[in-house]
Amino acid sequence: MKLSGWGRYPLIEASTYAPRSEDDLRDILLSKKSVIARGNGRAYGDSAINADATLETRCLNRMISFDQTSGQLVAEAGVLLGDIVAAFLPRGWFPMVTPGTKFVTLGGAIAADVHGKNHHKEGSFRTCVDWIDIMGSDGEVHRCSWDEDRDLFDYTLGGMGLTGVILRAAIRLRSVESGWMRQRTIAAPNLSAALEAFEVEKNATYSVAWIDCCASNRNLGRSLVILGEHAKLSELPSSKAKEPFHKKTKWKISIPFDFPSIFLNRFSVRAFNNIYYQSGAKKIDVRLVDWDSYFYPLDSVLNWNRIYGRKGFSQFQCVFPLEQSEAGLTAILEEVASAGCGSFLAVLKRFGPQDSSFSFPMEGYTLALDFPINDKTLRLAEKLDQIVIDFKGRFYLAKDSRISAQTLRATDVRADKFCSVRNARGLSTRFASAQADRLVL
Amino acid sequence: MAVAHKLASMGHPIQLAARGANSLLADKTNIELRYNVTVTLHEFDALALDTHDAFVAGLGELPQIAVCAVGLLGDQYQAEQDVQVASLIVRSNFEGPASILGVLANHFEKRGSGILVGISSVAGERGRATNYVYGSAKAGFTAFLSGLRNRLARKGIHVLTVLPGFVATRMTEGLDLPATLTTQPSRVAEAIAHACKRKKNVIYVGRVWWLITFVIRRIPEALFKRLRI
Ligand SMILES: Cc1cc2nc3c(=O)[nH]c(=O)nc-3n(C[C@H](O)[C@H](O)[C@H](O)COP(=O)(O)OP(=O)(O)OC[C@H]3O[C@@H](n4cnc5c(N)ncnc54)[C@H](O)[C@@H]3O)c2cc1C
Ligand SMILES: NC(=O)c1ccc[n+]([C@@H]2O[C@H](COP(=O)([O-])OP(=O)(O)OC[C@H]3O[C@@H](n4cnc5c(N)ncnc54)[C@H](OP(=O)(O)O)[C@@H]3O)[C@@H](O)[C@H]2O)c1
Chain B
2 MKLSGWGRYP LIEASTYAPR SEDDLRDILL SKKSVIARGN GRAYGDSAIN ADATLETRCL
62 NRMISFDQTS GQLVAEAGVL LGDIVAAFLP RGWFPMVTPG TKFVTLGGAI AADVHGKNHH
122 KEGSFRTCVD WIDIMGSDGE VHRCSWDEDR DLFDYTLGGM GLTGVILRAA IRLRSVESGW
182 MRQRTIAAPN LSAALEAFEV EKNATYSVAW IDCCASNRNL GRSLVILGEH AKLSELPSSK
242 AKEPFHKKTK WKISIPFDFP SIFLNRFSVR AFNNIYYQSG AKKIDVRLVD WDSYFYPLDS
302 VLNWNRIYGR KGFSQFQCVF PLEQSEAGLT AILEEVASAG CGSFLAVLKR FGPQDSSFSF
362 PMEGYTLALD FPINDKTLRL AEKLDQIVID FKGRFYLAKD SRISAQTLRA TDVRADKFCS
422 VRNARGLSTR FASAQADRLV L
Chain W
42 MAVAHKLASM GHPIQLAARG ANSLLADKTN IELRYNVTVT LHEFDALALD THDAFVAGLG
102 ELPQIAVCAV GLLGDQYQAE QDVQVASLIV RSNFEGPASI LGVLANHFEK RGSGILVGIS
162 SVAGERGRAT NYVYGSAKAG FTAFLSGLRN RLARKGIHVL TVLPGFVATR MTEGLDLPAT
222 LTTQPSRVAE AIAHACKRKK NVIYVGRVWW LITFVIRRIP EALFKRLRI
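Just so you know, the protein sequences line up as chains B and W, in that order.
Just so we're on the same page, the working numbering is the position in the first sequence counted from 1, plus 1.
Just so we're on the same page, the working numbering is the position in the second sequence counted from 1, plus 41.
Incorrect hints may appear among the rest.
Stated by the list, open to error - Using 20 Å as the maximum straight-line C-alpha spacing, the simulated DMTMM-like pairs for lysine to aspartate or glutamate come out as follows: (1) B:K393 <-> B:D356; (2) B:K377 <-> B:E335; (3) B:K243 <-> B:D291; (4) B:K34 <-> B:D53; (5) B:K122 <-> B:D139; (6) B:K3 <-> W:D86; (7) B:K3 <-> W:E214; (8) B:K33 <-> W:D86; (9) W:K69 <-> B:D84; (10) B:K233 <-> B:E149; (11) W:K69 <-> W:D86; (12) W:K69 <-> B:E23; (13) B:K248 <-> B:D293; (14) B:K243 <-> B:D293; (15) W:K196 <-> W:E231; (16) B:K248 <-> B:D291; (17) W:K69 <-> B:D68; (18) B:K241 <-> B:D300.
Everything labelled a hint here was simulated from the structure, so no lab data went into it.
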């Protein structure tokens with residue numbers, strides 16, 4: 002079966018297995034040369050693909066227990082974040098940390114140590130993980146946590162499936178009074194204004210900025226900075242307060258076919274950007290937005306990855322340390338604007354401090370850009386790689402489908418240590434993905 | 042199991058019946074956590090016909106909707122060689138399911154309400170060399186359901202016959218099924234829930250199977266017997 006990540010590039014012929022139990026999983030794992038776990042395939046590139054044996058966790062998706070007082074949920078790795086919201090929001094609970102799509106599994110969220118719009122304040126997904134049960138090369142299941150085999154725990158969070166197959170985990174949910182978000186939008190005319198807005202608003206629980214990648218010169222980095230708070234009951238109008246967790250079922254749009262790649266020429270992208278900016282700039286005041294539109298705006302268009310056409314697309318996401326952020330971001334945005342291959346989605350986010358062995362975040366700013374795959378954008382991406390190296394940034398492996406092993410090592414000194422930990426624990430021979438092969442991890 | 046999830050998501054309490062029902066403890070908890078409904082487990086063997094009365098009596102509360110998903114694909118070649126194998130296939134797909142639905146039907150009739158759902162198969166629509174033992178048992182079950190529906194139609198009890206094509210389940214794991222003709226269990230569950238609401242009689246899941254069956258049933262026997270399908 003041909004497999005790819007969300008970016009539909011690269012496409013790799015791979016054997017897939019969907020074990021139904023721990024024993025099934027062990028049998029497959031022990032009988033294969035090397036394996037990698039796969040959640041819901043929302044990583045963009047080749048991190049959840051192993052040609053030999055890709056182990057899907059979709060049948061390992063049961064919820065195991067929930068503690069009403071602490072909000073601790075124990076669940077199998079294949080449970081989707083969206084299922085957790087569906088089950089527990091009506092009872093007043095929401096994930097502590099969530100990425101921009103709810104269609105990720107618990108295992109995928111742990112393996113990529115995902116971040117949300119609250120990273121600056123509350124950290125990455127690890128913040129809410131109490132323990133993890135993981136199957137190692139020998140087929141044995143080990144529990145690791147903050148005080149039990151801390152090393153394995155630390156490397157599994159952000160380890161991209163290369164430390165074993167996560168079977169189940171305990172995470173803590175956040176208690177909320179409603180499913181509504183108070184959203185405030187600030188229009189920033191350029192990059193430094195946007196960065197300043199992030200710094201001024203650092204007490205906001207959630208913050209993220211959408212950048213107009215086509216703006217250049219004086220307007221370089223013009224953005225909409227969007228802040229959010231969970232709305233309290235007392236902040237809701239009485240019509241909503243009656244059923245604080247109720248949400249109208251939204252129409253789902255599905256993209257049934259691949260758009261021809263000509264669709265995304267620079268003009269359509271520019272038009273898209275302009276419209277978004279103009280309409281956004283008018284909404285400076287506070288609005289109430291339902292949780293789904295706030296956290297997961299893209300989820301209402303199923304298969305939106307098809308608008309980039311058959312060749313697929315790539316997401317470029319890097320983070321710069323705080324001191325280098327403005328310079329690094331400016332360099333990237335200038336390069337993108339001058340190349341004229343504007344990106345549909347460009348998202349900027351402030352990260353808070355993070356102390357971990359191989360997770361992506363570090364204190365500073367992260368930028369994510371989508372590009373359709375073609376010769377021109379691949380050349381551009383290589384130039385951007387050099388900027389990331391120059392400004393001491395690093396790459397997000399969950400989004401990567403193309404960087405080289407050298408680029409990884411030039412940006413992430415932790416890679417070699419990660420490899421030696423994998424070797425020492427006998428993990429490198431059993432767990433491998435196409436990405437790990439490419440990056441020599 | 043997918044049907045249980047779907048019905049639970051609609052707020053129905055769930056009774057799960059199976060051989061070795063205790064192995065379903067994790068599924069019970071899962072459904073309870075996800076949908077906030079109660080789930081009970083019940084020991085049940087479709088082949089132990091003489092236990093069926095006691096089984097229904099032991100349910101505690103008689104369900105509003107009863108779904109029979111018991112089935113055994115078996116191995117056609119072995120069934121040709123060994124009558125025991127053939128008999129097990131026939132009993133698992135016809136005798137057992139018909140027996141339990143028959144007992145439930147009597148209880149529903151007394152109460153005057155309820156929906157009985159039998160999962161049969163498109164394989165029962167015409168016997169083929171590759172799986173006619175299974176197919177003929179399903180054909181028998183389909184006919185049984187049709188008769189049951191006829192008997193109960195004026196008694197306020199509805200009978201739904203479900204004819205799935207290929208579904209990606211444990212039964213078909215490892216078989217090389219054409220991806221475009223294979224549905225997910227959740228789709229079958231959606232279709233069943235919808236059909237219960239609309240009081241449909243016979244449904245095909247996916248719909249193309251209606252067409253495929255329609256064509257296959259109309260091929261003249263003289264020709265059909267030479268085909269390899
Ligand atoms: C629209 C969109 C928005 C996104 N927004 C964000 C965001 O805001 N922040 C963010 O951090 N990320 C974001 N992502 C990326 C996404 O959150 C991660 O790629 C996540 O890992 C995907 O989870 P998955 O279940 O689909 O895993 P997959 O894509 O299937 O796998 C991802 C990695 O996790 C590993 N893995 C999966 N399950 C297991 C397991 N059981 N045991 C061990 N390893 C496992 C795989 O081996 C692989 O390395 C976004 C992605 C999309 C498509
Ligand atoms: N999958 C398909 O492509 C397909 C197509 C058409 C129709 N169907 C029908 O759909 C139904 C569900 O099957 P499935 O695909 O979900 O496959 P499945 O997972 O194999 O389910 C069949 C179930 O029947 C149970 N069963 C068998 N004999 C039993 C007995 N004597 N007493 C109690 N339970 C018994 C099995 O339980 P144990 O775990 O105890 O064995 C199993 O849970 C079956 O009727 C099948 O024939 C399936």
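Taking the numbered hints from earlier one at a time, note which ones the structure violates and give those numbers from smallest to largest.
-> 5, 6, 8, 10, 15, 18
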